[in-house]
Structures are given as C-alpha cells and as structure tokens.
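Colleague: Below, each chain spelled out in residue letters.
There are 2 protein chains.
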Amino acid sequence: MPGPTRAERNRRLADDFRIGKRPALARAISMVEGRRPGVADLLQKLLLARPQARRFGITGPPGAGKSSLVAGVATLLRARGEKVAIVAVDPTSPYSGGALLGDRIRMNDLATDPGIFIRSMATRGSLGGLAATTREVVDLLDAFGFPNVLVETVGVGQTELEIASAADSVAVVLVPESGDGIQAMKAGLMEIADLFVVNKADRIGADRMVREIQQALALRAGHGMQGVSGHHGVDLSRPDEADEEPGRAHAPAWEIPVLKTSAGRGEGIEEFLDALLAHNRHLTESGALEDRRERRARSRLRDVVVGRLRGRAERFLASHPDLPVRIADIAAGRATTYGVADELIPAILKGTEKSDQG
Amino acid sequence: MPGPTRAERNRRLADDFRIGKRPALARAISMVEGRRPGVADLLQKLLLARPQARRFGITGPPGAGKSSLVAGVATLLRARGEKVAIVAVDPTSPYSGGALLGDRIRMNDLATDPGIFIRSMATRGSLGGLAATTREVVDLLDAFGFPNVLVETVGVGQTELEIASAADSVAVVLVPESGDGIQAMKAGLMEIADLFVVNKADRIGADRMVREIQQALALRAGHGMQGVSGHHGVDLSRPDEADEEPGRAHAPAWEIPVLKTSAGRGEGIEEFLDALLAHNRHLTESGALEDRRERRARSRLRDVVVGRLRGRAERFLASHPDLPVRIADIAAGRATTYGVADELIPAILKGTEKSDQG
Chain A
8 MPGPTRAERN
18 RRLADDFRIG
28 KRPALARAIS
38 MVEGRRPGVA
48 DLLQKLLLAR
58 PQARRFGITG
68 PPGAGKSSLV
78 AGVATLLRAR
88 GEKVAIVAVD
98 PTSPYSGGAL
108 LGDRIRMNDL
118 ATDPGIFIRS
128 MATRGSLGGL
138 AATTREVVDL
148 LDAFGFPNVL
158 VETVGVGQTE
168 LEIASAADSV
178 AVVLVPESGD
188 GIQAMKAGLM
198 EIADLFVVNK
208 ADRIGADRMV
218 REIQQALALR
228 AGHGMQGVSG
238 HHGVDLSRPD
248 EADEEPGRAH
258 APAWEIPVLK
268 TSAGRGEGIE
278 EFLDALLAHN
288 RHLTESGALE
298 DRRERRARSR
308 LRDVVVGRLR
318 GRAERFLASH
328 PDLPVRIADI
338 AAGRATTYGV
348 ADELIPAILK
358 GTEKSDQG
Chain B
8 MPGPTRAERN
18 RRLADDFRIG
28 KRPALARAIS
38 MVEGRRPGVA
48 DLLQKLLLAR
58 PQARRFGITG
68 PPGAGKSSLV
78 AGVATLLRAR
88 GEKVAIVAVD
98 PTSPYSGGAL
108 LGDRIRMNDL
118 ATDPGIFIRS
128 MATRGSLGGL
138 AATTREVVDL
148 LDAFGFPNVL
158 VETVGVGQTE
168 LEIASAADSV
178 AVVLVPESGD
188 GIQAMKAGLM
198 EIADLFVVNK
208 ADRIGADRMV
218 REIQQALALR
228 AGHGMQGVSG
238 HHGVDLSRPD
248 EADEEPGRAH
258 APAWEIPVLK
268 TSAGRGEGIE
278 EFLDALLAHN
288 RHLTESGALE
298 DRRERRARSR
308 LRDVVVGRLR
318 GRAERFLASH
328 PDLPVRIADI
338 AAGRATTYGV
348 ADELIPAILK
358 GTEKSDQG
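Keeping their order, the protein sequence lines are chains A and B. So the first sequence is numbered by this note's numbering: it starts at 8 and just counts up by one. So the second sequence is numbered by this note's numbering: it starts at 8 and just counts up by one.
Among the hints, a few may not be true.
Interface residues of chain A toward chain B, partial, derived using beta-carbon atoms under 10 Å [what the hints assert, rightly or not]:
1) R309
2) L316
3) F323
DSSO-like, lysine-lysine: derived pairs with alpha carbons at most 30 Å apart [to be verified]:
4) B:K357 / A:K357
5) B:K52 / A:K357
6) B:K90 / B:K52
7) A:K52 / B:K357
8) B:K357 / B:K90
9) A:K28 / A:K90
10) A:K28 / A:K52
11) B:K28 / B:K90
12) A:K52 / A:K90
Covered by chain B, according to a simulated footprint, are these stretches of chain A (three or more residues, beta-carbon under 8 Å) [said to hold, decoys possible]:
13) 294 to 305
14) 337 to 349
Simulated from the structure, these hints should not be mistaken for lab results. Keep in mind it's a predicted model, so treat the numbers as computed, not measured. Just so you know, even glycine gets a beta-carbon here, dropped at the ideal spot from N, CA and C.
Pulled out of the complex, with its shape left as it was, chain A reads as follows (with noise of 0.2 Å):
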C-alpha cells in the first residue's frame, strides 16, 4: 500500500500546525532547516497570514551573556502572561562552539515551560543560507501564534548583521571588559542597533563603555550616519552584499538607549524588556515597522530567486556531458572560467522550467 504523498503529508502538518500542535511546529522548523523537498509548498500554506509577532534580535561577541539575557527577558515576559519563542542561532565557530553549548543548557530551566518554545539552530555549514533559514523559522513561529520571539545570534564575522534581517528590533549586547565599543563602531554593529545594552555591569570599565558607546552615537547622529555605514552599498556592482537590510534608516524620533544590565545578577532585565517593548512601540506607531518588513519581504524574495536560480545552474552543471572537459581545461589553462561561463550560461536560461522547490 503507498504511503500518503508529499502533498497530502504537507496538508496533515498543516492542519496540525494550524491548531497549535507542538509537533507539527517543531517538524515544519526541521523541514525548513534541512531544505527539504517540498518546504516552500509548506511554507506557502502556513505563512499566508499578517505578520504579528514582536521579533526582538539579541546578538553580541561570544561570551558577553546573550543567552542569561534572552533567559531573563522570556522569563519575564512569561510572567506577564506572554507566550515567547526563542531561537538561539549559534554560526558554530570551530573555535568557539563549546562555550556556546554551556549558555544553551543553563536556559534549561525555561525549557519545561510550556508557553515557550525554544530551538537552537547549530547552522555550521549553512553560512549564507543562515539569513533567510532564521527569517523563515521566525515566520513559522510568528504564524504559529507566538507573540514575542527573541532571535539570540552570536556576533561572528557578519552573521549578527545578517541575522539583524529577522528581526524587527535589534539589541547589540557588549561587555566592559573586551575593548567592543570602539570595535562595534568599526564594525557596522551601529547600524544594526536599535538599543545597546552592557552587560555584566558590576565589572570595570561598564559606566566607561557606555560613555564610549553614547559618544559614538552622538557623533554618529552629527554625520548623518556616514562614515559608520562605509562598508554598506559600496560596491554596486554586488548588489547582494550591499544589503539595505542591516542600514536600514531609523525613524527620526527614536533614541538608541544604552543600557547596563547584569544578567547574572538579574538586574536590569525589566528595563531592558521595557526598551525592547518601547522601541516596537515606536515602530508600529512611527509606519517604520511596515518599512522593515517590506524591506524584509524584498530581500526575502531575492534570495529566494536567487537560490532557485542557483538550484537550476547546479542541475545543469550536474548533468551536462561536456564539462569534465572544459573542467580539465580550466585546470590546465587552456580556458578561463569566465569563457566557459560564457558558453554554458544560454543554456542554463534556456532549459526546461520546471519549478524546483526549495
């Protein structure tokens, strides 16, 4: 007897889904994670639905307390009666990926709750797809019917400004000790931040941090935020990393606090739920909300092209007879990969077009 199609598969766990269940969640999150086949047939069954969800970003270096934070903001937010999801993205530095497991079980406490829903993303190894994996589970957990989801990243080479993307608020958590401040005016994390928070603030160094942080962003506002926003949209000739995302432009009335907290201690989480609660205020109130989310929505849409365009150049590739050859005289010098590009290229556009999935 055959077993249901993928079709009818995807109906079930939509329905499923459709009526709270746990399971369907979790697995519609998996089916998303692993591309696999037939993920955008789901996904445009679930996710036809106004955007609700408050999408708080949460990111910083390793080790400056992002995870106790994200704990402390879901616990309060559960006091208050509010369902939250969580998901903890981790770029799995080969160097770093231990200490990220530790943060991961001290929230174990939140994960017998049952108005939290808590998924850790180990994303070595889907770098570039990273971006749009965390936006669609975000989705997922938004149409679910979650209304807060905290997005924790960890700041490792552009990650953290790529991640800003799913979320709607942006806190960049720094710590006293490490020298970041200066770092993250380098860095382009101003541009991403909507609140600055120093975390272990009882530490040496925290009330100068925040001065340090404050001044930047005093002369940051007195540029026109140029000179920060250097490495955005400088290369028009890639559009793709020069994504109008992370620079994106802050409603004129809003002021980027810089907050201290002390995680470990408990103090200032309320404060910082307030800024975080305060700043989507801001963004409903202001139209800048249905800015970023078209913004979202545009650069969504591009990499989702772009895959499907990548998919059907690796198809080609995978099939055609001739490219061991041409393969051989590249290696040997006897063509550039430009002029076999050139020749292959018709007719990857003029293939059959099916749609491919995912």
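Let chain A serve as the given structure and place chain B on it in line with the hints.
Modeller: Okay, now just chain B, sitting in the frame of chain A:
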C-alpha cells in the same frame, strides 16, 4: 579628447603585467577585489596559462601565530633564493579586527624585499565572495610568476574551509592552551588539513595537543573518514554548500604530519617549510594535484555561473515596475515569497541575454 576605452586600458594593464611590472599586478588584484567592470575580460587575458606556483594555505584560530609562521617560511624561502607572494585574508570579525592588524605590522621586515609580495585582504562585507576573490588573486600571483604563494587565513566561522579551496596544501595551525585539538576534530578542520602545526610549542600542553591530534587522525583513518565529514554533502538540495573542495580525498600515501613550532623563537620553521614542500611533491607525483586543480576549477566555474545568474536576477528585480506592489503583498501576508518568486523566474530567464562582466 576621449580617454582610453576599458578594453585598451585592460590591454595595457595585461602588457605591463606580462613583463612583470608590480603596479600592474597590484592594480589587477584591486580590480578582482573590487569586482570592477571589465575584470572578467582582464582575467581572461591574464590567466590563460598552466598553473605553476606551489599554493600553500595556512589557517587557524586568531592568535595562533599564523603571521609569524608565514613570515618565517617566507624568510626561509627567500634565503633559498625563491620568490614568495603572501595573501593574508582577514574575515575581520568586529571583535578581532584589531589583533590582526598587529600581526600584519610584524610582517613589515619583509615588506622591503623585492622578492616578496604581500597583500592583505580585509574582507568584511564580502563574505561569500571571499573564496572566489582569493582564488583569483592567487591565480594572478601565479600568472605573474611567483613560484610560491602563501595564503594565510583566520579561521572564523567556516571561512577557513572555503579558503582551503585556494590552496593546494593546507596547514592548520593550533596552539596548546585553547583546547583547539578537540574542537578542530568537530569542526571539519581535519578534512582540509594536509598537515597540522602546534605553534607556541614551548608552552604547557603542546605535547598533549600533538598526541590528541594524532589520536584523532588515527581514529579518522580507522573510520574511513566517516563521522568527521558529516556536515559536508548532507543536504543534496543545496549543493553549493556541500562543496567537494574542503572534503577532498587525500592520495593514499600521504600521512598527515603533526609538527611543533615556536614561531616567536624561530624554532621548527625549517621543518614546517620542508613538510609543505614534501606535500607539494607528493601531490605532483601522485597525480593528486591535477585532481585538486580540477575540483577547484569546477567549484570556481559554479561560483562564476551562479554569480552571473544572481546579477541577472538583481538587475531584473531592480527594474521590475510591479515589484513594490508584490513586496508589499508579501510583507502583509497576501502573497508568499515562494509564490512571487515563481511568478518572476520565467521572466528573469527570458530577459535579454547580454553577457555581464564579473
């Protein structure tokens, strides 16, 4: 009077490059880094030659002393009368940028030697295009006539895996105290390492680190490489992220050595260089070098093809008059990203087929 056309400028640049003028090399590299218009045309002119250089990759975590090792190896090669080019690739984490600059400066002893060419690539904001750019820069250095190219990369995220695709022989540099031995095993570094170096070997724990790496290598040999290669190739629907390059097979006769160095004290550098040269000879004599070059050519061809399709999609999306409406539909949940992508793709494929540069 009109200035020279792009084709004329490229021809002059190519002429200067071929007769060994350094400014032409530097300019060609800048064109590759900046993805300037005409770069594909220029590379077609310059790269039509059989690869000659030994390409050594040196990677490892921040602070492992890679720059000192590279400087040591370069100095030795110079003492043996060989020219050397160094490409230092820095994926500039917002949190580690400063330290690296310090490393760079220590290389300055070499900077005045005309037999050495050093190029730092600060790559923040170009992740994704980094591997392609690095490979092309190395190709240029090879074509210019450097018989040895050292590519130094900081291992952050999976950058070090990508960068392996620019080198024939990859040395992974670790330090005793950071527990990197075990992390390296997890992270797939074993798959790219042709040799391991435990640097700062005068510190406590160096011998234990060497043993740990050797044990992990023995374990891997016993398991036919399974268990460590799990994150490659698991996701068939996204072959771009299951690159064959990093997971390339080693020719059977090569036993991965684990060396100890103390770059600060100048100890072990000669043995390190000799191991690199031995690996290069092994690749040449076993025929594995051809295999690696063909894999590299395949991976690069895919990147160029996908890059051109991406460019095509970008230009289409930027000029499509209905796009703002459809974006607003997605943002408001009236349409899904996948649905709109399916609408647009046929038109993107059918668009004008002019060749695009870069």
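Colleague: For a C-alpha distance cap of 30 Å, please report whether B:K90 and B:K52 respect it.
Modeller: 23 Å, holds
Colleague: Given A:L316 as an interface hint, is the shortest Cβ-Cβ distance to chain B below 10 Å?
Modeller: 4 Å, holds
Colleague: Run the distance test for B:K357 versus A:K357: straight-line Cα separation, threshold 30 Å.
Modeller: 8 Å, holds
Colleague: Is the hinted pair A:K52 and A:K90 satisfied, with a Cα-Cα distance of at most 30 Å?
Modeller: Distance of about 23 Å is within 30 Å: holds.
Colleague: Would the hint on A:R309 stand, with a C-beta cut-off of 10 Å toward chain B?
Modeller: 6 Å, holds
Colleague: Under the criterion that the straight-line Cα-Cα distance not exceed 30 Å, is the pair B:K357, B:K90 satisfied?
Modeller: 49 Å, violated
Colleague: Are the Cα positions of B:K52 and A:K357 separated by 30 Å at most?
Modeller: Given pair B:K52, A:K357 holds - Cα atoms ~28 Å apart, limit 30 Å.
Colleague: Do three or more residues from the region 294 to 305 of chain A put their C-beta atoms closer than 8 Å to C-beta atoms of chain B?
Modeller: holds (count 6)
Colleague: Holds or violated: A:K28 with A:K90, Cα cutoff 30 Å?
Modeller: 15 Å, holds
Colleague: Would the pair B:K28 and B:K90 pass a check requiring their Cα atoms to be no farther apart than 30 Å?
Modeller: 15 Å, holds
Colleague: How does the region 337 to 349 of chain A fare against chain B when you require at least three residues with a CB closer than 8 Å, holds or violated?
Modeller: holds (count 13)
Colleague: So, as I understand it, the hint says A:F323 touches chain B; can you test that by seeing if any CB pair is closer than 10 Å?
Modeller: Status holds, d = 8 Å.
Checked against the numbered hints listed earlier, the structure breaks hint 8 alone; every other hint is satisfied.
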